[in-house]
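Enquirer: Sequence:
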Amino acid sequence: MYDDIILFAQLVKCGSYSTAATILKIPQPTISRRIKNLEEALGVSLLKRDTHNFSLTDAGTTLFHKFKDHAHYIENVIEYLKQKENSISGRLRVALPITISIEIINPYLGKFMQDNPELELDVDYINTDFDMLRSDYDIAIISHLPERPTQKVRKLYSAKLIACCSDKYIKKYGKVKSLDDLSKHHIILKNNDLPSSTIAYNIEGDEAAPFVAKSKMLLNSCYQTIEVAKAHHAIAVCLEEHYKHSKLIQVLPEYHFGIVNYYLMSNSSEHNKKAQAFIQFIEQCFNQITV
Numbered sequence: 001m002y003d004d005i006i007l008f009a010q011l012v013k014c015g016s017y018s019t020a021a022t023i024l025k026i027p028q029p030t031i032s033r034r035i036k037n038l039e040e041a042l043g044v045s046l047l048k049r050d051t052h053n054f055s056l057t058d059a060g061t062t063l064f065h066k067f068k069d070h071a072h073y074i075e076n077v078i079e080y081l082k083q084k085e086n087s088i089s090g091r092l093r094v095a096l097p098i099t100i101s102i103e104i105i106n107p108y109l110g111k112f113m114q115d116n117p118e119l120e121l122d123v124d125y126i127n128t129d130f131d132m133l134r135s136d137y138d139i140a141i142i143s144h145l146p147e148r149p150t151q152k153v154r155k156l157y158s159a160k161l162i163a164c165c166s167d168k169y170i171k172k173y174g175k176v177k178s179l180d181d182l183s184k185h186h187i188i189l190k191n192n193d194l195p196s197s198t199i200a201y202n203i204e205g206d207e208a209a210p211f212v213a214k215s216k217m218l219l220n221s222c223y224q225t226i227e228v229a230k231a232h233h234a235i236a237v238c239l240e241e242h243y244k245h246s247k248l249i250q251v252l253p254e255y256h257f258g259i260v261n262y263y264l265m266s267n268s269s270e271h272n273k274k275a276q277a278f279i280q281f282i283e284q285c286f287n288q289i290t291v
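Quick note on the UniProt record's numbering: the sequence shown kicks off at 1 and runs consecutively.
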């Protein structure tokens with residue numbers, strides 16, 4: 001019915017059925033039928049008709065004045081929403097993993113904001129799983145896939161976990177020459193990236209070789225494993241990207257200790273320009289990683 005009321009108001013503005021049919025690109029019989037249906041639905045006559053013209057009844061005059069500006073208002077709202085959707089402005093809520101952001105994303109956030117000065121970026125660094133559907137995040141990067149993802153999930157990057165230590169550690173506790181040798185050392189692990197029985201994978205053939213460390217320290221931050229290792233009394237298992245910036249020495253470079261996959265999830269429409277701008281920024285951050 002609402003569409004027919006808007007059509008009625010447009011008909012009155014046009015002044016005749018033929019003019020309305022031309023401007024609105026709706027066949028004249030269709031306009032006539034819809035106006036009659038509207039009158040029947042309302043139970044009143046809206047128009048006084050003769051062979052060539054029409055005039056408004058009292059009910060028609062009232063309805064016209066109540067709704068004459070509605071079409072224009074709706075058009076303005078639609079245009080506003082389109083502009084808002086297409087502009088890189090307003091608030092964008094983002095959830096980023098603490099560990100991988102340090103080296104890969106954080107150094108470039110400032111430049112992203114310089115390039116998008118009207119954007120308000122609200123970033124939460126998270127280290128736990130959460131329900132993306134029930135959250136108010138627009139975009140999130142996660143390292144653990146939900147059991148039943150409700151949004152599109154895009155894989156961004158696979159990060160190897162490698163072992164490393166300081167040169168002073170080697171001088172004090174000896175060089176690690178084999179997995180059996182490594183199992184006798186103190187190992188620092190991120191508690192939710194590796195199982196209790198650690199598995200090493202040969203870089204060349206990706207063959208699995210389980211081993212049990214003499215002692216383990218489990219931390220909830222992969223980045224902090226490096227900070228502990230820098231004190232020269234333990235070997236850290238950490239993301240390869242953190243090792244590259246740590247000035248530590250890789251232990252058993254022929255092995256890695258698992259893979260951490262990072263995924264991008266979004267609650268935003270693919271037409272949302274600000275969300276798409278940030279997604280493109282994230283992809284650029286990961287694409288420039290040198291392997």
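If you're looking for bench data, these hints aren't it; they were derived computationally from the structure.
A quick note: this is a predicted structure, and the numbers were derived from the prediction, not measured.
Possibly wrong hints are sitting among the right ones.
Restraint-style ranges between C-beta atoms, simulated for each label pair [said to hold, decoys possible]: (1) Gln28 to Tyr2: 44 to 50 angstroms; (2) Ile170 to Ser269: 27 to 33 angstroms; (3) Met217 to Lys168: 57 to 63 angstroms; (4) Ala231 to Pro117: 56 to 62 angstroms; (5) Asn287 to Pro253: 23 to 29 angstroms; (6) Glu40 to Thr61: 15 to 21 angstroms; (7) Pro117 to Lys177: 17 to 23 angstroms; (8) Gln114 to Ala71: 22 to 28 angstroms.
We put the beta carbon where it would ideally sit given N, CA and C, even for glycine.
Enquirer: Which numbered hints turn out to be false for this structure?
Expert: 1, 2, 3, 4, 7, 8
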